[in-house]
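Based on the sequences and whatever the hints tell you, model everything.
Listed below are the residues making up each chain.
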Amino acid sequence: MINVKDTLVFQGLYYITRELKDFLITLGNIGYDFTKVLFYILRLRVNLKALIEQSSRFAVDSLPITLTIVGMTSIIISMQIAPELAKQGAENYIGMLSALVMIRELASIMAGFAIISMIGSSFASELASMSVSEQIDAMRVLRVDPVEYLIVPRFLAGVIMMPVVFIVASFTGLLCAGYVSKLTADLSLLNYIDSLWRGLYVRDIMIALLKSAFFGGTIALISCSSGYSTRGGAKEVGESTTRAVVWSFLAIAIWDYIFAALFYL
Amino acid sequence: MTIKVQNLTKTFDNKKVLDNISFSVEDGETLGVAGFSGSGKSTLLKIISKLLSADSGKIETTRNSDIAMTFQYSALFDFLDVYHNIAFPLLERREFKGKYNKEELKKIVAQKLKIVGLQGIENKFPSELSGGMQKRVGFARAIVTNPKIILYDEPTAGLDPVSSTLIEDYINQLKKELNASCIVVTHQMSTITRACDKVILLYEGKIVFKGTTEEFLKGDNPYTRQFITASIEGPMEIKSTT
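Sequences listed follow chains X and S, in order.
Here the first sequence stands for residues 1 to 265, where the numbers follow my numbering.
Here the second sequence stands for residues 266 to 507, where the numbers follow my numbering.
Source of the hints: derived by calculation from the structure; they are not laboratory data.
Treat the hints with care, as some may be off.
Here are the computed lysine to aspartate or glutamate pairs in the EDC-like style, where the Cα-Cα straight-line distance is at most 16 Å [claimed, not checked]: (1) S/Lys311 to X/Asp137; (2) S/Lys367 to S/Glu357; (3) S/Lys367 to S/Glu393; (4) S/Lys379 to S/Glu442; (5) S/Lys463 to S/Glu291; (6) S/Lys471 to S/Glu502; (7) S/Lys440 to S/Glu291; (8) S/Lys362 to X/Asp145; (9) S/Lys315 to X/Glu126; (10) S/Lys483 to S/Asp462; (11) X/Lys235 to X/Glu126; (12) S/Lys315 to X/Asp145; (13) S/Lys463 to S/Glu480; (14) S/Lys371 to S/Glu387; (15) S/Lys323 to S/Asp284; (16) X/Lys49 to S/Glu387; (17) S/Lys281 to S/Glu469; (18) X/Lys87 to X/Asp194; (19) S/Lys315 to X/Glu134; (20) S/Lys311 to X/Glu134; (21) S/Lys315 to S/Glu325.
Ranges of calculated distance between the beta carbons of each label pair, as one might list FRET restraints [claimed, not checked]: (22) S/Gly499 to X/Asp61: 50 to 60 Å; (23) X/Glu53 to S/Lys280: 35 to 45 Å; (24) S/Lys371 to X/Gly31: 40 to 50 Å; (25) S/Ala495 to X/Leu44: 55 to 65 Å.
Values in this document were obtained by computation on a predicted structure and should not be read as measured data.
Idealized CB from N, CA, C, for every residue including glycine.
This is the structure in structure tokens:
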């Protein structure tokens, strides 16, 4: 007599249902937390001291790793493309292409990945540790809303500082691309800058800044929500942090697609 | 009557953690809530402190005051020093914002630290304190708004006997200082004996004893006898999940 529960089909269905349930619960938590965050922001209930502190973490603390990742990526891409364009006699387009790629996509996405790894994981593990050690319960009992105290400043820091990180990252990326173009395609700095201006559009910059703000807010919200809703112990803290990172990566990929479809199709 | 709990029921995953619980705590009284691990003691405190909601039942409090709670592992904010931990509600709650200047806050924190015998440690962080000191800072934080209802979740857990005695003395002292009504969740006999006026014993979510501490210690209720003598034999079954 076959026990249905032992069959592969049942176990597969059970796994899918369980993952779907976890997915919906996580989505629900994020949505609920976002509603509360919005409520506090619209009522101007923002702790300025905490906002400044989190903004400093978001931008300044993450800058070295962000610039390294963006710079390295820019160098690698330029090393591939610049010589090929030079071979085709199209070295005058190197700066323009660098600007288009960097401003439209590379700087914000790579900075986003760096921020997720460094700041997103930190937010998630911090809040998860607080949750499992009852610090968040203590806050509630003391009648201070943890969403207002912990999540609002982090969310706003992400929205405000991510565009700043994008600007610095873009500048670094374009600088690195220019340097590599000089080395590999023998392109002078003046020619590179001249070519660069032709690829810089105010519209692209504005869209990228807006997209960065969405990235920053999303990373902060997902990371905080994941950490905040943790129950259990060290294992669950690790799982929350992983979930925060994975969901953040997916979310910024989705936002990137939405922005590309809305503005560039 | 300060706290009146009526017909409280709470279920987790189809298991009744609290089953039709009713009791009251009068002004200036300390109620001990005893029971095995998993009997619903901490859940009861979390419902009274509004961290959780009950499935059914009612909780009434007659005194218009904060409900303060201390946690088993202190739950101090590890990113704040002792001063900011204690002053936290006065700094962050809307009704207190701007009410006290820096000097007044310093005085209040110093006063609360003096009550728990920890003067001068305002600049230390929780990680620099012993377990007993962390508990006392937790007490100081809980009483900073002068609450009339204080809930203690296993206040002496993990402490040596001397530190436990100190904590039990502070529970009595705080009750007198604030004229507070207290509920102490514990399975330590010394805490029940030294700090509680009356006791309820929980087993599988139900109250199996309700009475004064003297009745708890000297009565012939089989549940209390088994609990006091720490015996495996008796009406209370020790499950492998507890």
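Q) Has the given pair, X/Lys49 with S/Glu387, been kept, meaning a C-alpha gap of at most 16 Å? A) Violated, at about 21 Å.
Q: Could you say whether the range 40 to 50 Å given as a hint is met by the Cβ separation of S/Lys371 and X/Gly31?
A: holds (42 Å)
Q) Between S/Gly499 and X/Asp61, does the C-beta distance stay in 50 to 60 Å? A) holds (58 Å)
**Q.** Satisfaction of hint between S/Glu291 and S/Lys440, Cα-Cα up to 16 Å
**A.** Given that 16 Å is the threshold and the Cα spacing comes to 12 Å, the pair holds.
Q) Is the straight-line distance between the alpha-carbon of S/Lys281 and that of S/Glu469 16 Å or less? A) Status holds; Cα separation ~8 Å.
Q: With a cut-off of 16 Å on the C-alpha distance, tell me whether S/Lys371 and S/Glu387 pass.
A: holds (9 Å)
Q. Does the alpha-carbon distance linking S/Lys323 and S/Asp284 stay inside the 16 Å limit?
A. holds (13 Å)
**Q.** Distance restraint between S/Lys362 and X/Asp145, which requires alpha-carbon spacing of 16 Å or less
**A.** Since the Cα atoms of S/Lys362 and X/Asp145 sit roughly 14 Å apart, the hinted pair holds (cutoff 16 Å).
Q: Could you grab the alpha-carbon distance between S/Lys367 and S/Glu357 and see if it respects the 16 Å cut-off?
A: With a Cα-Cα distance of about 14 Å, the restraint between S/Lys367 and S/Glu357 holds, given a limit of 16 Å.
**Q.** Hinted pair S/Lys483 and S/Asp462, Cα distance within 16 Å
**A.** holds (14 Å)
Q) Does S/Lys463 pair with S/Glu480 here, judged by a C-alpha cut-off of 16 Å? A) This hinted pair holds, its Cα atoms lying about 9 Å apart.
Q) Given the proposed pairing of X/Lys87 with X/Asp194, does the C-alpha separation stay at or below 16 Å? A) It is violated: about 20 Å lies between the C-alpha atoms, which goes past 16 Å.
Of the numbered hints listed earlier, those contradicted by the structure are 3, 9, 16, 18.
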